[in-house]
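Taking the hints into account, I'd like the entire structure generated from these sequences.
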Amino acid sequence: MADPTGPQDPGTDAALRILIDAARRGAVAQRFVPAAEERLLQSIVDATVGLFDAEASSVALFERDPDRLQFAVAAGPQGAGVVGISVPPTKGIVGYVFSTGQAIALSDVASDPRFDRAAAERTGYVPRSIAAVPLVDRESTVGVLQVLDKRSAPAFTLRDMELLAVFAGQAATAIAASRVQRDLPGLIRTSLAELGDGQLDEAALDAIVDRLAAELDRDDDEPFWSLVGQVSRLRSLEPGELSLVRAILEVVAAHPRAARRR
Amino acid sequence: MTDELPAWTEPFTTAGLDRLSRPATIAGVSRDWAWKDATGAGVRVAIVDSGVEGDHPLVQGRLRESHAVVLHEESEEIVDDPATGDLFGHGTACAGIIVGLAPEVELVSVRVLGADLKGKGRAFVAALEWVVAQRIPVVNLSLSSKSEQLYGLFHELADEAYFRNVVLVSAANNVPGPSYPSLFSSVISVAAHDQPDPFRLYYNPEPPVEFGAWGVDVPVAWQGGSETVATGNSFAAPHVAGLVARLLSKHPGLTPFEVKAILAAIADNAAPATLG
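Which chain is which? The protein sequence lines are A and B, in order.
Start counting the first sequence at 1; every next residue gets the next number (the working numbering).
Start counting the second sequence at 1; every next residue gets the next number (the working numbering).
Please keep in mind that the hints were generated in silico from the structure rather than gathered at the bench.
Just so it is clear, the structure is predicted and the values come from calculations on it, not from any experiment.
Among the hints, erroneous ones may be present.
To be verified - Label-pair ranges, simulated between beta-carbon atoms: (1) His72(B) - Ala36(A): 39 to 45 Å; (2) Pro66(A) - Gly224(B): 23 to 29 Å; (3) Ala213(A) - Gln195(B): 52 to 58 Å; (4) Pro252(B) - Gln70(A): 47 to 53 Å; (5) Pro154(A) - Pro82(B): 34 to 40 Å; (6) Pro82(B) - Ala153(A): 36 to 42 Å; (7) Gly224(B) - Gln70(A): 22 to 28 Å.
For each residue, glycine too, the CB sits at the ideal point set by N, CA and C.
Structural data, given as structure tokens:
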């Protein structure tokens, strides 16, 4: 593997190596406990769809570079198409709720030609009614929870909105808890800026974070990450299978020594 | 479960209304006195939001000025922005509601949404500073901030507005936790009720949210000359802004304190003598 730190003075170089090590361990940990946040968010949209008897429910999370709201999870008969789609945070109903932190619901949206139909059609579903509430962290809005088309009524009630806000609170807590894993480079950038006490300018911070990001940009075909992936799968094995794998690994680990002796 | 809901709108729902105690009335102050035959004529109302579509039929040609906040490295600037219109539809929805109640108001749009998200808080503060400096008598705010850093600044601005006779009408946020300036006592905070009557107004003697106005299934103006049906506290606030504009057109010079007292006195849950 090429030296990811490049030429640097020795002190900075050592500090960078420590950071990269820490970041790498974080990334490995994330592989071992995959998508804890996603599972929690999924359970929230599942519950939302069930409670409202809705056609779909989904959570969009704010991501940077470029700024966008990306749909992370969805549930309901009409929900699946939205996962992975990004919408600009400066447009549409979801964008408005994200920008203002205000919960809103609209009915009759499908009959409105100016509704963000293009985005809706990409998901394969154009709703008649929509309710959207912000996911609010301690300080800021981190995403939006939305529900489409309650089957039993043409519109959402005040009570619906308040229940949704409670669900959104749960989702926001889940996101805060796993933020460390989700945005490791972002976290390191913030910590560096604070530790640097103004000594590091934006360009220097960018350079360091870029190097970390390059290191964490997991290529699953690369031997190290493919090994991490394989090992993480062992977590789901039964005790019997596990001891078999252990026996195999011991033989494999002994192999280079045996080969060298020959 | 019910007790755990962030129930800003709860007092204004059918189940909650019985529990709203009835505040005292003010002799001689009735709805007729407050705004009968009033149109909001000559009263400027600022909409700090996503912009307003001036040519939307429901805005009825009442948009007089369109501004936007431009963020520079170290400063903010309010510029004329007649061309952008409304990026979300929401500002136009508020404008339509206000004009529906006060058909002769003079609307001033200050667009803070839809631009650079990183500067959202700064843009909001700059817009608020500007409307207060301009002494625009009624300001509709359907957005708020949770930033602890901006708490002090918002508090100062809300007080300054209060003493400059600028009535800030702020939509309550249905999310638990602080939101500024909607939870300050110097603003009129509004949550939604679900009775389809733009004049129906409740006073809640148990703050932080003091007033309830129509905010459920409200037919509203939306982007591109369209219309939709909307629910949220942010559609309740412009009802109160429109009523305040009516009141001020008939009784110019009322202070924010007097406006609040009058609204409470003529609210639909005020003592029976003033009902109707």
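So, going through the hints one by one against the coordinates:
Against the hinted window of 39 to 45 Å, the Cβ-Cβ separation of His72(B) and Ala36(A) comes to about 42 Å, which satisfies the hint. For the hinted restraint 23 to 29 Å between Pro66(A) and Gly224(B), the CB-CB distance of approximately 25 Å keeps it satisfied. Ala213(A) and Gln195(B) have their C-beta atoms about 54 Å apart, which keeps the hinted 52 to 58 Å range intact. Separated by about 50 Å at the C-beta atoms, Pro252(B) and Gln70(A) satisfy the suggested range of 47 to 53 Å.
Restraint check, Pro154(A) to Pro82(B): a C-beta distance of roughly 37 Å satisfies the suggested window 34 to 40 Å. The hinted window of 36 to 42 Å between Pro82(B) and Ala153(A) holds, with their beta carbons roughly 41 Å apart. The supplied range of 22 to 28 Å is met by Gly224(B) and Gln70(A), whose beta-carbon atoms lie about 26 Å from each other.
In summary, this structure violates none of the numbered hints.
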